[in-house]
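Number of protein chains: 2
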Amino acid sequence: MATDRWVLNQSEIPSAWFNIAPSLPEPLKPPLHPGTGEPAGPDDLAPLFPMSLVEQEMSPQEWIDIPGEVLDVLSLWRPTPLVRARRLEQALGTPAKIFYKDESVSPAGSHKPNTAVAQAFYNKAEGIKRLSTETGAGQWGSALSFAGAQYGLEVQVYMVAVSYAQKPYRRVLMETWGGSVVPSPSDLTEVGKATLAENPDHPGSLGLAISEAIEDAVKRDDTHYSLGSVLNHVLLHQTVIGLEAKQQLALAGVDKPDVVLGSCGGGSNLGGITLPFAKDRIEGADIRLVAVEPESCPTLTKGRYEYDFGDVAGMTPKMEMYTLGHDFVPPPIHAGGLRYHGDSPIISSLVHHGQMEAVAYPQGKVFEAAVQFARAEGVVPAPETSHAVRAAIDEALDAKEKGEERVILFNFSGHGLLDLAAYDDFLHGRLTDA
Amino acid sequence: MATDRWVLNQSEIPSAWFNIAPSLPEPLKPPLHPGTGEPAGPDDLAPLFPMSLVEQEMSPQEWIDIPGEVLDVLSLWRPTPLVRARRLEQALGTPAKIFYKDESVSPAGSHKPNTAVAQAFYNKAEGIKRLSTETGAGQWGSALSFAGAQYGLEVQVYMVAVSYAQKPYRRVLMETWGGSVVPSPSDLTEVGKATLAENPDHPGSLGLAISEAIEDAVKRDDTHYSLGSVLNHVLLHQTVIGLEAKQQLALAGVDKPDVVLGSCGGGSNLGGITLPFAKDRIEGADIRLVAVEPESCPTLTKGRYEYDFGDVAGMTPKMEMYTLGHDFVPPPIHAGGLRYHGDSPIISSLVHHGQMEAVAYPQGKVFEAAVQFARAEGVVPAPETSHAVRAAIDEALDAKEKGEERVILFNFSGHGLLDLAAYDDFLHGRLTDA
Chain A
1 MATDRWVLNQ
11 SEIPSAWFNI
21 APSLPEPLKP
31 PLHPGTGEPA
41 GPDDLAPLFP
51 MSLVEQEMSP
61 QEWIDIPGEV
71 LDVLSLWRPT
81 PLVRARRLEQ
91 ALGTPAKIFY
101 KDESVSPAGS
111 HKPNTAVAQA
121 FYNKAEGIKR
131 LSTETGAGQW
141 GSALSFAGAQ
151 YGLEVQVYMV
161 AVSYAQKPYR
171 RVLMETWGGS
181 VVPSPSDLTE
191 VGKATLAENP
201 DHPGSLGLAI
211 SEAIEDAVKR
221 DDTHYSLGSV
231 LNHVLLHQTV
241 IGLEAKQQLA
251 LAGVDKPDVV
261 LGSCGGGSNL
271 GGITLPFAKD
281 RIEGADIRLV
291 AVEPESCPTL
301 TKGRYEYDFG
311 DVAGMTPKME
321 MYTLGHDFVP
331 PPIHAGGLRY
341 HGDSPIISSL
351 VHHGQMEAVA
361 YPQGKVFEAA
371 VQFARAEGVV
381 PAPETSHAVR
391 AAIDEALDAK
401 EKGEERVILF
411 NFSGHGLLDL
421 AAYDDFLHGR
431 LTDA
Chain B
1 MATDRWVLNQ
11 SEIPSAWFNI
21 APSLPEPLKP
31 PLHPGTGEPA
41 GPDDLAPLFP
51 MSLVEQEMSP
61 QEWIDIPGEV
71 LDVLSLWRPT
81 PLVRARRLEQ
91 ALGTPAKIFY
101 KDESVSPAGS
111 HKPNTAVAQA
121 FYNKAEGIKR
131 LSTETGAGQW
141 GSALSFAGAQ
151 YGLEVQVYMV
161 AVSYAQKPYR
171 RVLMETWGGS
181 VVPSPSDLTE
191 VGKATLAENP
201 DHPGSLGLAI
211 SEAIEDAVKR
221 DDTHYSLGSV
231 LNHVLLHQTV
241 IGLEAKQQLA
251 LAGVDKPDVV
261 LGSCGGGSNL
271 GGITLPFAKD
281 RIEGADIRLV
291 AVEPESCPTL
301 TKGRYEYDFG
311 DVAGMTPKME
321 MYTLGHDFVP
331 PPIHAGGLRY
341 HGDSPIISSL
351 VHHGQMEAVA
361 YPQGKVFEAA
371 VQFARAEGVV
381 PAPETSHAVR
391 AAIDEALDAK
401 EKGEERVILF
411 NFSGHGLLDL
421 AAYDDFLHGR
431 LTDA
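Residue numbers (my numbering), protein chains in the order written: chain A, 1 to 434; chain B, 1 to 434.
Hints are computed from structural coordinates only; laboratory data are not their basis.
Using N, Cα and C, we set each Cβ at its ideal position, and we do this for glycine too.
Where chain A lies over chain B, by a calculated footprint (3+ residues, C-beta under 8 Å):
#, region
1, 5-12
2, 69-77
3, 174-182
4, 418-430
Given only the sequences and the hints, what does the whole structure look like? Please build it.
Structure representation (structure tokens):
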């Protein structure tokens, strides 16, 4: 039997995160204070984040040690497997080699706990008792609730009201791990109360939920805010994905991949798999990096590269990034995690400087690939992940046409077991091809 | 960092299944033909099962080679991890060592694919094009749909109508893997049509779904029937669980476990983890084997040991086993996979001869343990699995009281991500303690 799954020992989890910042073609420009428009410093971020995360956000160091207490919790599911999708290759009849890094094996079913655990640890270490955050469909809120349970932190999640009502399973998952979940707008905050006063049936939005979570954190000394994507320290924590994949590719006898792919919403899973390869590329290695996004929210393929707010309400610092405008409202596609108007400044910089490509797909093509993958390989991809699956399949078909033994690596960022309603729509012809 | 997860290489998946039959204290009595009451032979089973499975059902051989084509598919997720639940131990303050074998990592999220893959392979090898089966909540139907996709077999699933309507997610999972799912009673069979003629809104039952699946298989030459538990060949295929666990315990420096536990419905996951240790026990090793069942369906703890039908309608051969009577209707608890009136003849024999203990728990105590486990270890157990979690925690607490370093091994048979409605009921006080 040919080996097609490589699993490292717990002692082989990377002992340090990789920071791409010092290797970028041009240094990242600083975030700007939303009120003054002046560069935002550590003091501006201190009410929301612990100082160790603020330092990581701005660090010039290439390697940052992972604390032992974080490794202990990561080791509940890490290292994650690297898998060669041999049955998919056979179904496609391609000479390409398709590898995927399986981040779906975490308790929450996605890559999100990689940073949730680190963030919970640093907050606990600085005396914080409680974290507030927002969540849409519940991926990030469940990751943070899990992490909170590991360190004995309370977690308060503001969940977009319409998702709270329509997608109860991730709400239950958060509660199972001890998280407190309220539909947003809620009566726990002033902004929530004002919104409810105007419209008691307000469906909520991610922007509004962010505003509630930030207000919650700012007004309580025992509470900080936690964000699941976009920021530099979040991408930093996700680099364990690509660092492990490098070790595993070596075990598989692969010198280097030809192309490294990931789906892109805020950029955290994409950063996780690509950044450890990005330095090699910047230094001349022949490795293509590809971001995959939905056609209905084409930030990298059709957005502008400029300073914009990270949230809809304009409360966060402005960051230089690709953006569709912070008031852009994407259509309600199933890949909720990819419905973001902006993108991580790091990812944006790589695309802007020609170090990373970006492609966009319509929803229907994405689910076609997802079903093909599930039937060949077993595991059912999340709608977000399915964007990377689509692009990996297209790379493999292109390699077939050109007769190339292309080595393709993509991040399998999460499973779709809590997204089966989307598959139901696709299989029964109810999917809009937005 | 202390190691607490042991993962073998793909080449270390066992190359043969372990057959306990020749080691049982007393040979199993033959099944009896439902019509004549005479011992049923291979010819009676041939319309339903391929000859290789009929032979395994009656085999006196201790080891039966696993075909390479089966190992290829099992290796998509096997070997599964053995995990030491160190955080749970700490939360309990116990000197006991708690190990669990994590079968939740399969594509279908449970141990069921271990036999589904083998059954699909042998049917394909004997020229069968199509499999029929029944499913309640969908655990078994999804495992068989996944296995069918791997070998290009059509899979027809008769799903209990009330579950089809109330639990759409596993139906979607089956369809994603290409399975055809109809609510039972259906108009695809005579028994289904007759039932619908009497009551067009019949909610269905597992017994009725079995009758439809058997009728489907008997009347079509290209179709066989497939069963997910109870039978000897099903338990045989599950022994990879215990065989791998033995290798992994050795890596963990454990000579032998003191107690091996599993939840018990039909007996397949329990057999999988315990049978490789049962021979050691029968030959004198000091290892306790424990079956854990729901108080509301107390087959082993309160049933009679006698010949009974395997199904509700009385169409299957009669088997000697513990039974509550084939017309017993258990209350609708959340652990649907444990709502079975009988038990595997192998498990029943071990209990009858004092080689295995049985304990029963009410639903509320089971979910308490499940939530405690999820908060400590991350992964959320299925309601069925949570019975084993409850018993493992109670063993650990008993060991604490007695100051013993007891080594506890249990089978984590599946995750609860498609059962979160049950957690919702528990967390919000809506669980009946049946």
